[in-house]
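Residue numbers (the numbering used here), protein chains in the order written: chain B, 1 to 110; chain R, 111 to 224.
One or more of the hints may lead you astray.
[Stated by the list, open to error] Once the Cα atoms are required to be at most 20 Å apart in a straight line, the calculated EDC-like pairs of lysine to aspartate or glutamate come out as: (1) K105(B) with E162(R); (2) K154(R) with E182(R); (3) K102(B) with E178(R); (4) K154(R) with E217(R); (5) K105(B) with E150(R); (6) K154(R) with E5(B); (7) K154(R) with D81(B); (8) K102(B) with D81(B); (9) K102(B) with E162(R); (10) K102(B) with D27(B); (11) K137(R) with E162(R).
No lab work stands behind these hints, which were simulated from the structure alone.
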Amino acid sequence: GIQVEQSPPDLILQEGANSTLRCNFSDSVNNLQWFHQNPWGQLINLFYIPSGTKQNGRLSATTVATERYSLLYISSSQTTDSGVYFCAVGFQGGSEKLVFGKGTKLTVNP
Amino acid sequence: NAGVMQNPRHLVRRRGQEARLRCSPVKGHSHVYWYRQLPEEGLKFMVYLQKENIIDESGMPKERFSAEFPKEGPSILRIQQVVRGDSAAYFCASSPITNTGELFFGEGSRLTVL
């Protein structure tokens with residue numbers, strides 16, 4: 001079946017460190033989004049990136065659709081980056097819904 | 111989060127009561143989606159609606175749950191005779207008419223069943 005796998009499941013960093021989060025998916029996609037769920041439960045759009053590379057401040061993302069993966073880079077991490085990062089994918093021919101991965105829980109310590 | 115409004119933000123119900131969650135999409139968006147997030151889990155798709163039509167309800171439980179998106183007014187997710195297992199965060203998302211585009215999520219409604 002359709003699968004979205006994120007790694008690592010948990011990540012602990014010191015403030016200022018860099019990190020890479022990975023999202024693998026099992027089929028061709030027409031939509032891929034990265035979200036940050038903060039400790040208060042709010043779900044924040046980070047990137048809409050079905051292909052290519054985008055950057056927004058300290059965050060950037062790359063999706064290689066032909067190889068079925070996406071990467072989220074966080075540079076110079078801050079304590080406010082803590083939370084859960086979700087990758088969500090819309091599959092071609094799979095209706096319009098997004099399928100979410102289980103997330104990467106990031107903890108940034110001061 | 112691009113203007114998707116959900117209310118109430120928090121709702122407490124006793125077992126057997128009804129819960130109604132409302133979602134107003136981004137102005138001009140005609141596609142609405144409901145997702146459920148159980149504690150310590152990712153979001154799971156429930157239902158996809160367009161104005162006055164249910165397009166995909168493959169993620170909806172067969173009983174007690176219903177959703178609508180009327181011609182006028184917000185989308186409503188209704189849960190009848192709630193049970194403790196319904197306690198979760200319910201997120202609504204909307205997208206514009208070009209329906210393979212980006213989804214914008216609301217802040218969620220957190221249902222607690224006592």
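Going down the list of hints, with the structure as the test:
Simply put, K105(B) and E162(R) have alpha-carbon atoms about 38 Å apart, too far for the 20 Å limit, and the pair is violated. Annotation: proposed proximity of K154(R) to E182(R) is violated, straight-line Cα distance about 27 Å (limit 20 Å). A distance of roughly 28 Å separates the Cα atoms of K102(B) and E178(R); the hinted pair therefore is violated under the 20 Å criterion. A hinted pair counts as satisfied when its Cα atoms are at most 20 Å apart, and K154(R) with E217(R) qualifies at roughly 16 Å.
At most 20 Å may separate the alpha-carbon atoms for a hinted pair to count; K105(B) and E150(R) meet this at roughly 10 Å. Pair hint K154(R) plus E5(B) holds up; C-alpha atoms about 14 Å apart against a cutoff of 20 Å. The straight-line distance between the Cα atoms of K154(R) and D81(B) is roughly 24 Å, outside the 20 Å bound, and the hint therefore fails. Restraint check for K102(B) and D81(B): satisfied, since their Cα atoms lie roughly 18 Å apart, inside the 20 Å limit.
Restraint check: the Cα-Cα separation between K102(B) and E162(R) comes to about 32 Å, which exceeds 20 Å; the hinted pair is violated. Between K102(B) and D27(B), the direct Cα distance comes to roughly 17 Å. Compliance with the 20 Å bound is thereby established for this hinted pair. With a C-alpha separation of about 17 Å, the suggested pair K137(R) and E162(R) falls inside the 20 Å cut-off, and the hint holds.
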